[in-house]
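Q: With the hints as your guide, set chains B, C, D and E onto chain A.
Chains as they are written, first to last, in this note's numbering: chain A, 1 to 346; chain B, 1 to 346; chain C, 1 to 346; chain D, 1 to 346; chain E, 1 to 346.
None of these hints come from the bench; they were simulated from the model. Each hint should be verified, as a subset may be incorrect.
Identical chains share a label here; the pair holds if one copy fits it or two copies do between them.
[Unchecked claim] Derived pair list, reagent style DSS-like, types lysine-lysine, alpha-carbon separation capped at 27 angstroms:
id	residue 1	residue 2
1	Lys281	Lys48
2	Lys151	Lys39
3	Lys127	Lys68
4	Lys153	Lys85
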Amino acid sequence: MQKKMVENKHLNSQFSLNSETKISVIDYDAKKFQEKEVKEIEECFHFKHTPSISWINVSGINQTEVIKQLDEHFGLHPLVLEDIKNLEQRPKIEDFGNYIYIAIRALHCNETTKEICSEQISIILGKNFVITFQTGKQKDIFEPIREKIRKNKGKIRKMQSDYLVYRIIDRIIEAYFDILENFGYEIEFLEEQLISNPNINTLGMLHNLKKEMIQIRRSIWPLREIIGSLERGESSLVKRTTRVYLRDIYYHTVQLVDNIETSRDILSEMIDVYLSSINNKTNEIMKVLTIIATIFMPLTFLAGMYGMNFKYFPEIYWKYGYLLFWIIVIVVVVSMLFYFKRKKWV
Amino acid sequence: MQKKMVENKHLNSQFSLNSETKISVIDYDAKKFQEKEVKEIEECFHFKHTPSISWINVSGINQTEVIKQLDEHFGLHPLVLEDIKNLEQRPKIEDFGNYIYIAIRALHCNETTKEICSEQISIILGKNFVITFQTGKQKDIFEPIREKIRKNKGKIRKMQSDYLVYRIIDRIIEAYFDILENFGYEIEFLEEQLISNPNINTLGMLHNLKKEMIQIRRSIWPLREIIGSLERGESSLVKRTTRVYLRDIYYHTVQLVDNIETSRDILSEMIDVYLSSINNKTNEIMKVLTIIATIFMPLTFLAGMYGMNFKYFPEIYWKYGYLLFWIIVIVVVVSMLFYFKRKKWV
Amino acid sequence: MQKKMVENKHLNSQFSLNSETKISVIDYDAKKFQEKEVKEIEECFHFKHTPSISWINVSGINQTEVIKQLDEHFGLHPLVLEDIKNLEQRPKIEDFGNYIYIAIRALHCNETTKEICSEQISIILGKNFVITFQTGKQKDIFEPIREKIRKNKGKIRKMQSDYLVYRIIDRIIEAYFDILENFGYEIEFLEEQLISNPNINTLGMLHNLKKEMIQIRRSIWPLREIIGSLERGESSLVKRTTRVYLRDIYYHTVQLVDNIETSRDILSEMIDVYLSSINNKTNEIMKVLTIIATIFMPLTFLAGMYGMNFKYFPEIYWKYGYLLFWIIVIVVVVSMLFYFKRKKWV
Amino acid sequence: MQKKMVENKHLNSQFSLNSETKISVIDYDAKKFQEKEVKEIEECFHFKHTPSISWINVSGINQTEVIKQLDEHFGLHPLVLEDIKNLEQRPKIEDFGNYIYIAIRALHCNETTKEICSEQISIILGKNFVITFQTGKQKDIFEPIREKIRKNKGKIRKMQSDYLVYRIIDRIIEAYFDILENFGYEIEFLEEQLISNPNINTLGMLHNLKKEMIQIRRSIWPLREIIGSLERGESSLVKRTTRVYLRDIYYHTVQLVDNIETSRDILSEMIDVYLSSINNKTNEIMKVLTIIATIFMPLTFLAGMYGMNFKYFPEIYWKYGYLLFWIIVIVVVVSMLFYFKRKKWV
Amino acid sequence: MQKKMVENKHLNSQFSLNSETKISVIDYDAKKFQEKEVKEIEECFHFKHTPSISWINVSGINQTEVIKQLDEHFGLHPLVLEDIKNLEQRPKIEDFGNYIYIAIRALHCNETTKEICSEQISIILGKNFVITFQTGKQKDIFEPIREKIRKNKGKIRKMQSDYLVYRIIDRIIEAYFDILENFGYEIEFLEEQLISNPNINTLGMLHNLKKEMIQIRRSIWPLREIIGSLERGESSLVKRTTRVYLRDIYYHTVQLVDNIETSRDILSEMIDVYLSSINNKTNEIMKVLTIIATIFMPLTFLAGMYGMNFKYFPEIYWKYGYLLFWIIVIVVVVSMLFYFKRKKWV
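Isolated chain A (complex conformation):
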């Protein structure tokens, strides 16, 4: 079933159905290490039978044929094939007994445009192999892990395939923290702008940020369930020693959810502050208008009245008429100001 999705542009996942497929294999155990790029998918089939850990990374998933061959050779369920191809899936985990399928969304922040893109990563965890599928359009975020394996840093070479999967997920979560850190900076920047020079653009940016958070949240929430079920799960593929690491990244995802919810609350609060200040300003402006109008309208009427051309118009012939006019003006202004004072408008 070809699933079509409601996805807004901001997190546009890269459909890379016509990019080239690159397949790289890393085969390692505590003692030996082998890495190669393969052209033909068949080249990596024999790794299934080696006791060492084999990590097959498929980047660019346009060649359905390649995936199909992999699937068949490693005895995967047809639904997994479909899930790998469907790039707009909700993150999920599925335990098929002798292997576990994990779909996860990785976030990338475009360095230049500052746009955030999401990409689906499919992971298959078998007894002594791990297969990962990337779209290939984004920067490969697994390079640091490969580096660790190559240089035999940390305990990765001593551990099983489940630890490698932990490392992969950990790497993806780290990228989330980077994105959220950027959000944090943006929120701080907007907070300062809100104090120094609030305008309609600040509001627009606040709303945009909030909308992006709504979108990102969709990728983070299921992550928590996935790692939680991986850690608690009864699969024999996940060793007891690895569980403690999974519990660790589980807490990280809880923290991610926490951060994003707090940030949303704070953004809502900031938008409220802006709107309140607009309301307040309108009130201020109305006061000025009303004060001016209330003072000058009666005066203008008065001036207009003494400008009338009636033939029988006694006041204008009085000697102190003009003086009287000014006395009335001053009385009106003073009493109005007094009235505004009492109303606390000035």
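A: This is chains B, C, D and E only, laid out in the frame that chain A set:
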């Protein structure tokens, strides 16, 4: 019990109580395949006893008698009969031991009017038969499944009746995704309009979209429970091999719920943006009004004053009176502009 | 404990403590049927010992003595007596082992005033008897059930006392659906009014409807728990065959809750639409005011200025002074309109 | 640990650390009854060993020494001592095996000021004794219970200590219902005021009521848990016969929560109604202002224009100039009114 | 994994990676007591093997080497080392069998700036040792506990290491109550200001307070889970006698959550009150403006009209023209006032 319902017009379910009833039967197993339209309901009774899978589709449910006969022949509970006839039911699942009753709402998007209609589909899953009931007013959405059975595509002919039900529900969910995809396009369109030329119509469309989402959500939420309980349920009618497929569409419904909730959040956000911008505009307009009034009201008073007809009015006889007038005008204007500048109104 | 309640007027429950008590008894089994009105409560005591189902309906509960006698004769707990007398209870169910006490709120819609009243119905389900208590101020809604028993329609005469209770609750729920259907019509009516001629009354009606929903919701939510616990409960009074019927009305209450929540969401949405449109209108009005003021204030100043009476006032002696005045006027008007055009105000 | 609390003034709990301590003891069983006020706490120690139920009520808890002696004699945990002294606790229940400690908040409504005060009541339920601690600043609400014991009304003398605790809690809950009833009256009063003469004070009172509800809710919510855990708890101190009574007051607390939530929803609704009406009024006022300004501003300009003193001003010498002026005035007014009519402003 | 965090400035946790590390050891049991500051971490290793309780407090965690040595000597998991170093963790608890790791956030209120800072405290609870890690930038809040141990006050010297951890957490929670108490005072202050002299600053302070609460809530919520799981947990490190104390502080955290949620509700309510009053004031101001404009605009037009210079202008030559003018003025004013009276604007 004849249930009457609170249902708004937008998702008006088609009461087709006077349309004609069409009954079609498909009988298949891995090797043979038979399809026919029957006039008399009795013609399909013998299919109950064949070991092959029989799919009886009743379209148009006005002939209560037909449903009753079917019910009686297949030994269904009287409540099931009522549920099939009640076209405004909340989606539900009921396990009666030797058969399972499922009521589901299918969504159709009218190609021309773009209106969304919902229709109740009743499904009865028995050991080697499946009975489906449609209102018959909408396009038959099961044709692709029939095509698969006819051409023996995929594994449908090799599987049992539960797999057929999975295929039917999967087809209905696919239609939901199509609808949501359309919503996605509409949201994008409105988002662009909100930036380029926001007006009261944009707001109306946003509110309409949100209202439609509230309605659709009612059909989607129970779907999740239904498929979840079908998958976890202990009915012997649902085979282990089918469960993995049910789990797959279970995740699809979770994704549907996710999408609809995210879309609602985004719509709310967009409505807020529009309202904020209106508030801001009113503020802008008030500023212009106040600036104009504050500048010209004192000046008009001044002009009116020098237009008074007092006989004893020294200033108007001064040689530089008119010049003085202009000096006062300029001083007033400049000081006002200075005041507005400080208030950041200009 | 005499409980006093916070209850708003809209759903004013009828305190009928001084209406007359009417006691009617129906005694039936599959073969025989007997119905009578009794004057003295003692007359219905012997029904307790008959193997046939006895339905004692007490309407008007002012005669505490009557209730007390019934309670004592049927061996009810003192708390049940209090619960029956307390007419403002939250719907609840209590299993006392050899009988079950159920308190439920029935809604009545006054035909003439369209006001909704609620009434407490107390039901006691025993092994072969059912006692119901009504306030007696409202129309007796159980008549259709009696009719069914009298005419031996359906399977009610063949079933036990638990089926009778199912029928009674089913009847009450049906009334809820009627009320909600009316709400549906009102919402549709208001929706049309909102489009054609929105005014402050529409808003008031929307708010009233929402307030009524908040009140009704209080009666519906506990209903779900009650029926759920009756169906799942382990009481031997509820037979397996009846459970499927209870599950059916359980789904109806879920649907009721669903409908009322969706209606509330839609009402909130409609109120938002109205308020948005008010905001928009104010903005429109402000624009008109500002445009008029911005055009005519400078012009009025100009006219006022040339009305000044300065002796040394060169312009007014110019031959083309008046023409110049008009040229200035036109330039001001045109440039203002141009400014408004650019601001998209006209 | 001396806990300090965030508590707003409205529900100011009475710190009575310098009031006098009064200790009263009631000792009873089905046959005998004894009541006395004691000066020295030692006087009531021997009641611990009598098989009859002893109710020791300590009012005014300033004499820490007294509490300490009681605690030690009855073998209470040091934490209980601290909890009794800490008057700002969240309601809680703690089962210590051979006794149960319950802290609850009682609400009092000051008759004259209509202010609501809350007071902490600590209850210790032992095998054959009950100790209660009051602050002593409020009216003693337990008098009706003592009266029942003295006059041997109801079954209280025949029951154990757990029934006495039930009675005490029941008495406290009754006070809550009284408070909520008062709220109900206030809401009704405000609802009428909102229709007849809404003003800023009405709004203030609505907000105050809502704030008081937020505060009271804090006392009610934990109550539900407390009674629920007392009823379901496995303590041998709570007899089976008492559980049915506890279940009864459990339902009362559920009803309290229900009432307070519904009241809050209704208050929010009423505040919305008020704000909507303010919005509407502002809109109405703006219309009047705009209509007046739009009509008279052009006219004033016209009049000002014909008051100009240009020497070369042909119109003013025309015979029908003045008539023409009036014709223009009428045309302007009529066309403006026509425009407003079309805009539905008049 | 070096985690970077979204943390707003208000609760800026002090990165003290270059402050000096101070290590202090307290070794005690019921009879003996020993306290010393150590320079070299090796000096406190032998305490691990003493049967007495050893409390090692590390303040300033810049010397990764020190932590590493401690970790290795006490056999801690590498992840614990990372968690101690990562100062922006979400509070968490992790049971490693023979020791428990707890990360908690302590709040400090800067005496002078009134700013609230948060600091991560890491606690390791072993069989007969407790290790705590502080950043060292804040005031050491554990001094009162040390004092209790030194002077053998209370039962701390008689209890095990789990009781010491209880005391440490209790101390941290106490600080939370202090902070919330300050919030309470601020809310009261703002409430008074809101009544006496509401202005935009009051609103700003309300919003700031609410934002701070959102941040603090993040530290408090997980606290509840931590203490709950510590109390319910099955670790043999936590003795039965200590559980009752843990349950006590568990209730304190519930109360903290309660207080913070109630305070947030009240703050929201207060902000609503302020905004309503602004809305109301704008309405009031608009009324004044409209009344003034509606009265004086027609009058000014009238005066302007009689100032026109038409040659043929009959009225101005009438004897009672001027009198008539005043009659018209009075009629206009009175009828306008009457109109406003009916509209309830004055």
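Q: May I ask which of the numbered hints given earlier this structure violates, with the numbers listed in increasing order?
A: Those not satisfied come down to hint 1.
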